[in-house]
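*Asks:* Protein chains in written order, with our numbering: chain Z, 19 to 347; chain V, 19 to 347; chain B, 19 to 347; chain G, 19 to 347.
For the record, the hints were derived by calculation from the structure and aren't laboratory data. In this text, all values refer to a predicted model and were calculated from it rather than measured experimentally. Mixed in with the good hints there might be a few duds.
[Unchecked claim] Below, computed lysine-lysine pairings styled on DSS-like, alpha-carbon distance capped at 25 angstroms: (1) Lys167(Z) x Lys268(B); (2) Lys167(Z) x Lys26(G); (3) Lys44(G) x Lys148(B).
[Unchecked claim] Output of the computed footprint for chain G on chain B, the stretches with three or more beta carbons under 8 angstroms from beta carbons of chain G: (4) 158 to 170; (5) 178 to 184; (6) 298 to 304.
[As the list claims (entries may be wrong)] If you want a taste of the chain Z side facing chain G, the calculated C-beta under 10 angstroms gives, among others: (7) Met19; (8) Gln45; (9) Glu47; (10) Asp60; (11) Gly62; (12) Leu85; (13) Ser94; (14) Tyr95; (15) Thr135; (16) Ile163; (17) Gly223; (18) His299.
Every residue gets a Cβ at the ideal spot worked out from N, C-alpha and C, and that includes glycine.
There are 4 protein chains.
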Amino acid sequence: MEYRRMGKTGLQLSVLSFGSWVTFHKQIETNTADTLMGIAYDNGVNFFDNAEVYALGESEKMMGRVLAGKQWDRTSYVLSSKVFFGWRGKQNKPNQTGLSRKHITEACHEALQRLQTSYLDIFFCHRPDKNVPIEEVVWSMNLLIQQGKILYWGTSEWSATEIMEAHLHAQRLHLIGPAVEQPEYNLFQRQKIECDYLQLFNTVGLGTTVWSPLASGLLTGKYNNGIPEQSRLAIQGFEWLKDQKLQQDKLDKVRSLQDVADELNVSLTNLSLAWVISNPHVTTAILGATKGEQLEENLNSLNVLPLLSTEVKAKIDSIVRTKPVLPEF
Amino acid sequence: MEYRRMGKTGLQLSVLSFGSWVTFHKQIETNTADTLMGIAYDNGVNFFDNAEVYALGESEKMMGRVLAGKQWDRTSYVLSSKVFFGWRGKQNKPNQTGLSRKHITEACHEALQRLQTSYLDIFFCHRPDKNVPIEEVVWSMNLLIQQGKILYWGTSEWSATEIMEAHLHAQRLHLIGPAVEQPEYNLFQRQKIECDYLQLFNTVGLGTTVWSPLASGLLTGKYNNGIPEQSRLAIQGFEWLKDQKLQQDKLDKVRSLQDVADELNVSLTNLSLAWVISNPHVTTAILGATKGEQLEENLNSLNVLPLLSTEVKAKIDSIVRTKPVLPEF
Amino acid sequence: MEYRRMGKTGLQLSVLSFGSWVTFHKQIETNTADTLMGIAYDNGVNFFDNAEVYALGESEKMMGRVLAGKQWDRTSYVLSSKVFFGWRGKQNKPNQTGLSRKHITEACHEALQRLQTSYLDIFFCHRPDKNVPIEEVVWSMNLLIQQGKILYWGTSEWSATEIMEAHLHAQRLHLIGPAVEQPEYNLFQRQKIECDYLQLFNTVGLGTTVWSPLASGLLTGKYNNGIPEQSRLAIQGFEWLKDQKLQQDKLDKVRSLQDVADELNVSLTNLSLAWVISNPHVTTAILGATKGEQLEENLNSLNVLPLLSTEVKAKIDSIVRTKPVLPEF
Amino acid sequence: MEYRRMGKTGLQLSVLSFGSWVTFHKQIETNTADTLMGIAYDNGVNFFDNAEVYALGESEKMMGRVLAGKQWDRTSYVLSSKVFFGWRGKQNKPNQTGLSRKHITEACHEALQRLQTSYLDIFFCHRPDKNVPIEEVVWSMNLLIQQGKILYWGTSEWSATEIMEAHLHAQRLHLIGPAVEQPEYNLFQRQKIECDYLQLFNTVGLGTTVWSPLASGLLTGKYNNGIPEQSRLAIQGFEWLKDQKLQQDKLDKVRSLQDVADELNVSLTNLSLAWVISNPHVTTAILGATKGEQLEENLNSLNVLPLLSTEVKAKIDSIVRTKPVLPEF
């Protein structure tokens with residue numbers, strides 16, 4: 019396994035990591051989660067990603083049960099949660115979502131209970147909250163750090179300007195700024211990592227823990243011949259992915275990428291994942307496999323990384339045509 | 019129910035809320051309090067207001083008992099207390115009142131015990147304390163925030179200058195300033211909300227949790243024909259309200275307001291409450307009903323809110339003649 | 019009882035207070051201490067002064083036992099301790115005395131245990147420590163405040179320059195500076211209160227809790243005819259007082275003061291104590307009586323205070339000739 | 019015993035101290051450790067030095083057992099640990115070594131457990147970590163100080179520039195900077211103490227707790243006739259010392275130093291240790307004896323200190339020829 023520093027911090031994350039999103043509780047049972055986390059851990063994965071909203075709290079409870087059973091040394095892995103959406107779904111009341119100091123504080127306490135741990139390594143703001151001053155968010159995260167409940171804090175799907183403003187308040191108030199962002203990043207979603215965040219990478223420093231590195235499975239090639247019933251795209255709640263992703267155009271590109279993979283004698287999945295982590299601004303790509311063999315295949319992408327020569331990447335760019343154009347000035 | 023952000027903060031309060039002042043322990047028993055809080059909560063009220071001095075601590079104890087029984091999720095409501103007057107009445111010793119760091123700290127510990135909770139969402143300074151530097155107050159509240167015992171702090175009946183000075187110290191010392199003020203506000207008391215605090219609303223931001231929106235019941239019209247025995251005005255300790263409020267002049271105005279209400283086909287109570295919350299600078303108006311039907315009627319004011327057209331408001335102003343004159347410069 | 023704000027803070031101390039110095043454990047047993055503290059408390063005394071070094075910790079233990087028995091509300095009195103000399107006497111090892119962060123922290127923990135309380139209201143640096151940077155002292159006291167173990171901190175027998183330097187560091191680092199000084203003050207020791215500290219009173223603010231208001235009993239007149247065996251001056255460890263205080267010159271002055279007292283028809287003790295608290299820069303004068311009647315007489319000094327006219331004070335000054343000369347510029 | 023302030027701080031360390039490095043668990047059993055620590059403590063040694071990596075945590079466990087048995091007053095000694103290398107040796111995973119906030123925090127918690135104490139007096143960064151911003155290190159140490167888990171923090175084998183940068187961040191952020199450095203210092207290793215750190219000594223202040231004052235035993239003269247089997251140099255893991263130290267050149271110098279010792283009628287060990295602590299920038303020299311008589315002889319070096327006249331030191335310099343040349347500007 020390769021490990022990378024999370025931005026400017028001293029924290030090291032395995033370049034491939036494992037998240038409970040979509041799969042825990044919704045698709046897999048505790049014993050499968052146990053098997054998958056065992057495979058991940060044994061292969062050097064040290065970052066396990068969560069959020070209060072995943073399966074409305076059930077994902078964290080499942081991961082908490084698995085970790086309690088494993089009895090791995092707490093120092094050997096990095097545990098995260100995220101605050102914003104709440105875990106009560108349609109029963110969410112005001113202050114049970116968002117980034118008020120009340121919800122940030124209460125969400126942290128609740129996540130610690132569900133995960134059966136006394137501190138989170140990383141606590142993410144799952145989305146920006148336009149209704150809460152970023153200064154309040156910075157204060158709230160720092161209070162949790164001072165109280166020993168979290169070690170680092172980050173953002174997810176925040177704009178570069180919002181992240182920069184958080185650092186502005188942190189520097190002015192002598193507090194600790196956000197160290198990491200969790201954006202979507204894959205061959206079809208490149209704007210933030212490859213363009214928007216560049217100034218952040220070069221100034222305050224920013225780690226990235228990217229989600230959906232396979233574009234919800236699209237980049238595995240498995241939808242080339244239709245949507246299988248057990249796949250993520252067929253599960254309730256992800257119908258939105260259909261419209262957005264399954265356009266003919268994207269499927270055509272995926273088929274062309276398959277040709278590149280075939281030439282390299284690797285799977286399209288491995289090619290796609292290797293491409294994501296070939297970007298040095300990516301700290302880790304979060305995997306969400308539901309089966310052991312699938313997870314092991316994903317982890318194999320590390321071996322494909324050396325094959326991504328300048329020529330291969332150029333060929334890929336010419337197929338997907340998603341490379342962001344940088345501003346002239 | 020409508021929810022509003024408390025000033026610039028991320029905390030959301032129901033625009034109508036419920037307080038233990040006057041009523042708890044003095045007028046109602048625990049089982050009535052239980053019924054009333056149930057009605058409030060079921061109607062979306064999420065802010066329950068208290069103070070150490072209300073019924074000399076007994077109000078908080080009663081609310082603590084009710085909340086312990088209800089077992090509502092602690093994250094689903096916002097709980098406050100206030101420090102200043104102490105809860106021992108004439109037995110108050112030095113340092114058992116006021117805003118010294120000693121009393122602020124000890125009053126917080128005592129309120130947490132009475133309310134049977136581990137943190138307050140909002141802790142108010144119930145009055146300004148001319149004998150304590152505002153810097154000491156800011157420090158004391160921030161120490162409680164750092165220790166996880168309170169989440170936000172505010173003031174009650176402070177002047178605009180005092181609130182601004184608190185922010186001055188907070189900004190200079192890199193601490194958290196007061197987020198909310200609890201002033202009296204109703205058709206007969208408009209100076210602070212409509213004039214004095216305007217600059218605060220526009221600069222540092224300030225939520226308001228207004229008390230006595232019905233001018234101690236005067237604006238319900240129930241005193242138009244004399245003071246009933248069970249009413250608040252007849253209860254020991256509120257004689258001061260008689261002189262101040264029950265002047266003939268005010269009663270005349272109340273009767274004219276009744277005509278406006280009649281024209282709109284709504285109750286005077288609903289008109290008066292709707293008028294209070296029609297001011298966007300009001301975060302919430304605190305209700306203090308003693309009977310279920312009364313509380314339900316009060317909560318109905320939300321439905322009257324859309325009827326308050328510019329014309330209606332102008333007519334009301336011409337009757338009460340209490341609109342503050344803004345300074346020319 | 020009269021109460022005064024401790025300098026600029028909100029804390030109020032009774033103008034006459036009670037300390038365990040010299041008397042507790044050395045001269046009186048727990049049951050006498052219990053009686054004396056009861057008299058003091060019943061007469062409105064709310065400040066009980068201690069130090070780790072008094073009777074090498076035994077004074078604090080005795081006061082802790084008395085307070086545990088009394089079950090007075092913890093908010094009704096102000097409890098202090100002091101750090102510097104340690105409590106092991108000749109067995110003191112390095113770091114068991116002085117103002118290092120180690121000793122300040124450990125001395126606080128130990129005082130809390132001896133006094134059977136969870137926080138001190140005031141924690142004094144019993145002397146300046148020339149070997150420790152004042153910045154380290156300021157930090158250490160602030161860490162204890164942040165941890166909820168003390169509420170205010172002060173100094174004892176520090177020079178005005180040292181106190182000012184402590185405020186310099188506090189202001190630069192955004193910390194809380196010392197709020198109170200405990201100097202000796204009586205008709206024979208006036209330099210600090212009446213001259214050195216004037217600038218502090220006028221700028222950063224400074225309360226004073228003065229010790230030895232009766233100059234170790236000299237100003238009671240009881241040594242006019244020799245030293246009684248049970249008196250403080252005859253007790254082991256206070257021989258130093260003999261040389262310094264019992265000069266013929268001072269005894270002559272005391273006899274002349276007795277004439278002033280006789281003219282006013284008050285005791286010399288009351289005149290001397292009233293003179294001390296007639297200075298508005300004195301927050302409180304600490305009493306150390308060993309007998310009930312003695313303490314009650316001391317407390318009676320409050321009634322003598324109104325007799326101290328400008329003329330009486332001028333006569334006193336002309337007798338003692340100890341009034342400091344202020345610098346010309 | 020002589021005690022010295024640790025740099026500018028108020029903490030006093032015995033000029034000769036005792037460490038668990040190399041010896042605890044590897045060379046000696048708990049009962050021998052108990053005997054040695056008893057001798058040290060009875061002779062006035064008050065600083066006991068540890069690190070997570072010493073015997074991979076076993077040294078700290080042994081010292082924790084000894085201290086638990088001794089029941090010395092916790093305030094009578096100074097306990098340290100160090101974070102950087104981890105304690106799992108080749109099993110160390112990412113984040114189980116280095117100076118990330120995660121490892122600093124977790125290493126502190128683990129050291130407290132092994133040493134059976136609730137706070138460390140000093141927590142050292144055992145090495146600089148080029149991959150972690152020094153700002154993160156400063157923050158992490160200050161968070162532990164604020165949480166009451168450590169009292170002072172320091173560095174070991176950091177460059178002068180790195181230490182100065184730590185103070186830069188501490189001053190900018192209003193935090194507490196590193197107070198002490200633990201470098202190697204002996205007659206053969208003089209560059210840092212006698213040249214590199216001079217500016218630090220003169221500005222921010224810096225204590226030093228030097229290790230290997232006898233150059234791993236070389237300066238005892240015991241290797242003059244070959245390496246004995248039970249010596250440190252023969253123990254597994256210290257082979258690197260052989261190449262570096264046992265050059266013919268050094269042995270020649272050691273033999274010439276033996277002549278100086280003979281002239282003074284003292285042992286070479288005592289001469290070498292006395293020379294180390296004759297430098298006033300040295301706060302303490304850490305001893306690592308394995309036998310009682312050896313430790314007692316080492317502690318005797320204090321008596322040799324007065325013999326180190328200017329002439330003797332000049333003679334020593336002319337033999338070792340290791341005195342650093344200071345920069346001209």
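*Asks:* Now, for every hint given, state plainly whether the structure supports it.
*Replies:* Hints and how they fare:
For the hint pairing Lys167(Z) with Lys268(B), the CA-to-CA distance comes to about 63 angstroms; that exceeds 25 angstroms, so the pair is violated. A hinted pair counts as satisfied when its Cα atoms are at most 25 angstroms apart, and Lys167(Z) with Lys26(G) does not qualify at roughly 33 angstroms. Taken as a hint, the Lys44(G) and Lys148(B) pair is broken in the structure, with Cα atoms around 43 angstroms apart against an allowance of 25 angstroms. Chain G is given as covering the segment 158 to 170 of chain B, and this holds because 3 residues of the stretch bring a CB closer than 8 angstroms to a CB of that chain, at least three being needed.
Only residues whose beta carbon comes within less than 8 angstroms of a beta carbon in chain G count, and the segment 178 to 184 of chain B has 0; fewer than three means the coverage is violated. Requiring three or more residues with a Cβ within less than 8 angstroms of a Cβ of chain G, the coverage given for the segment 298 to 304 of chain B is violated, as only 0 such residues are present. Nearest Cβ of chain G to the Cβ of Met19(Z): about 9 angstroms, under the 10 angstroms cut. The hint holds. Interface restraint check: Gln45(Z) against chain G, minimum CB-CB distance 29 angstroms, threshold 10 angstroms, status violated.
For the restraint placing Glu47(Z) at the interface with chain G, the shortest Cβ-Cβ distance is roughly 28 angstroms, beyond the 10 angstroms limit, so the hint is violated. At its closest, the beta carbon of Asp60(Z) sits 12 angstroms from a beta carbon of chain G; the interface hint therefore is violated under the 10 angstroms criterion. Given the 10 angstroms rule on beta carbons, the hint for Gly62(Z) holds: about 8 angstroms separates it from the nearest Cβ of chain G. Look at Leu85(Z): its Cβ only gets to about 15 angstroms from chain G, farther than 10 angstroms, so that hint breaks.
Against a cut-off of 10 angstroms between C-beta atoms, the interface hint on Ser94(Z) holds, since the closest Cβ of chain G lies about 5 angstroms away. The interface hint given for Tyr95(Z) holds, since its Cβ lies 8 angstroms from the closest Cβ of chain G, which is under the 10 angstroms cut-off. With its C-beta approaching chain G no nearer than about 12 angstroms, Thr135(Z) sits outside the 10 angstroms limit, and its interface hint is violated. Proximity of Ile163(Z) to chain G holds as hinted, the smallest CB-CB distance being about 7 angstroms (cut-off 10 angstroms).
Look at Gly223(Z): its Cβ gets to within about 8 angstroms of chain G, closer than 10 angstroms, so that hint holds up. Hint status for His299(Z) relative to chain G: violated, with the closest Cβ pair at about 17 angstroms, above 10 angstroms.
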